[in-house]
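Engineer: Read off the chains here:
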Amino acid sequence: MKTILNEQQLAITIRRLSHQVLENNIDLDNTIFIGIQPRGIFVSDQMIQVIRQLAPPEKVKYGKLDITFYRDDIRNQLHVPNQTDIPFSIENKNVVIIDDVLYTGRTIRAALDALLDFGRPAKVELCVLIDRRFSRQLPIQPDYTGRSIDSIISQKVKVFWKERDGKEEVVLL
Amino acid sequence: MQLSVKHLLGIRDLTRQDIQIILDTATQFKEVLQRPIKKVPSLRDVTIVNLFFENSTRTRISFELAEKRLSADTINFTASASSVSKGETLLDTVNNILSMKVDMVVMRHSASGAPHFLAQHIPAAIVNAGDGINEHPTQGLLDAFSMREKLGRLEGLKVAIIGDIMHSRVAMSNIYLLKKMGAEVMVAGPPTLIPKYIQEAFDIRVEYNLKKALEWCDVANVLRIQLERQNQVLFSSLREYSLAYGINKRLLDSLDKRIVIMHPGPINRGVELDSDAADSNQSIILQQVENGVAVRMAVLYLLSGGREQV
Chain A
7 MKTILNEQQL AITIRRLSHQ VLENNIDLDN TIFIGIQPRG IFVSDQMIQV IRQLAPPEKV
67 KYGKLDITFY RDDIRNQLHV PNQTDIPFSI ENKNVVIIDD VLYTGRTIRA ALDALLDFGR
127 PAKVELCVLI DRRFSRQLPI QPDYTGRSID SIISQKVKVF WKERDGKEEV VLL
Chain B
3 MQLSVKHLLG IRDLTRQDIQ IILDTATQFK EVLQRPIKKV PSLRDVTIVN LFFENSTRTR
63 ISFELAEKRL SADTINFTAS ASSVSKGETL LDTVNNILSM KVDMVVMRHS ASGAPHFLAQ
123 HIPAAIVNAG DGINEHPTQG LLDAFSMREK LGRLEGLKVA IIGDIMHSRV AMSNIYLLKK
183 MGAEVMVAGP PTLIPKYIQE AFDIRVEYNL KKALEWCDVA NVLRIQLERQ NQVLFSSLRE
243 YSLAYGINKR LLDSLDKRIV IMHPGPINRG VELDSDAADS NQSIILQQVE NGVAVRMAVL
303 YLLSGGREQV
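If you read the sequences in order, they're chains A and B.
As numbered in our numbering, residues 7 to 179 make up the first sequence, in order.
As numbered in our numbering, residues 3 to 312 make up the second sequence, in order.
Any given hint could turn out to be false.
Listed next, the in silico SDA-like pairs over lysine to any residue satisfying Cα-Cα at most 25 Å (straight line) [to be verified]: (1) K65(A) with P38(B); (2) K160(B) with K41(B); (3) K70(B) with D79(A); (4) K41(B) with M7(A); (5) K67(A) with S256(B); (6) K40(B) with E97(A); (7) K41(B) with D156(A); (8) K181(B) with Q284(B); (9) K8(B) with N100(A); (10) K182(B) with D78(A); (11) K182(B) with N88(A); (12) K164(A) with E175(A); (13) K41(B) with N100(A); (14) K8(B) with N82(A); (15) K182(B) with V86(A); (16) K70(B) with G125(A); (17) K173(A) with M7(A); (18) K88(B) with I77(B); (19) K182(B) with V262(B); (20) K32(B) with E175(A); (21) K41(B) with E175(A); (22) K70(A) with I39(B).
Derived by calculation from the structure, the hints in this document are not laboratory data.
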């Protein structure tokens, strides 16, 4: 087991990502942040906290998207869905998708499909905490990356969160 | 997580956890139905046949909409316009349809146990859309979903099922489900319409006085008098039934609390339920219909998943 980000690094990385995302999307009236259920929400919740300290909090629009019904492996294994909550229109808005680990790219493919059912965004960006580069199965790349890592298929990236696991850390298993 | 059953034949076969999974999944599908594009691609590769050997409006449209909202391909079958009238047996009919590569069967039949019989003989997943006087599981699920949505819980809820208990598959599914989820159940109606041993069989309350039943309950699920299934005279006239067991606004206003009125439809207006009660703001009858689509989407989705284990 190898630690990729310890608790302090994780906090700093999330702050940096929040700043970067905000820097490029300073027009908050036209920006929507979407966390991917279930695990991306831990990243997006923390990022939104930071962003709401940096900008007028009431202007920050934040939704949650569950991609279960759009998965391409739905027939192999049954997945029970999580909550989707996007209480505003994404038509012509800049959407920032936030997830924890970008691996094959299949989750993001499903997320893009799901997102389009809510309207036609002007632009979609992708922000991930960990990018497992060189392991993509689809042509999808992040716009904002917390940490890029090289890993092989048999390895696993696990992210621990305080509220769920009692500790905050990213490890390679 | 997965359901413990391969078919949905009745609530009787479901575990408490199964019911929980279905209701929770239905909550997410209800959100899907509020989207600008009310459709998900989950069942794109699934073909479903709707076999209706008995008349239906709500259930049939509801299932069909649920299937379409899941992107499944659907075929509709009505017994009266088919070779059943030429004498083909149920199993032959279904096997012929299945040989055209159909994955799931939604079936309504006037004979109790018809879907159970099919389940023993065919490989496709079967959803019971009502069989005789046995069960109507998706109605039970959507009733529970609507109660949970309106009142926030099922556990400890007092539900009175009122009317023609004897001939009602809705009553059966409701009783099984509510008991499994920890609600308190009462059946109310004239003695001739309540099966004799129901109290012992299900450990529920029985009440013959409508006013007392309404005073006890949080939710009144009012059932239709099923004249088409009654082959003997069980009460003297509809007018007499209505006087003793019809629910109207005046009766509801005379209670010292506001109860929720439900009805699985179709309503015999002026018999079991008067218009002023059916259309009042205590009634959630139309929400039940709305929730029906989400609940049926959940059932079809959960039964279609994990078929081919890798």
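Engineer: Starting from the hint list further up, note which numbers the structure goes against and sort them upward.
Structural biologist: 2, 4, 5, 7, 9, 10, 20 and 21
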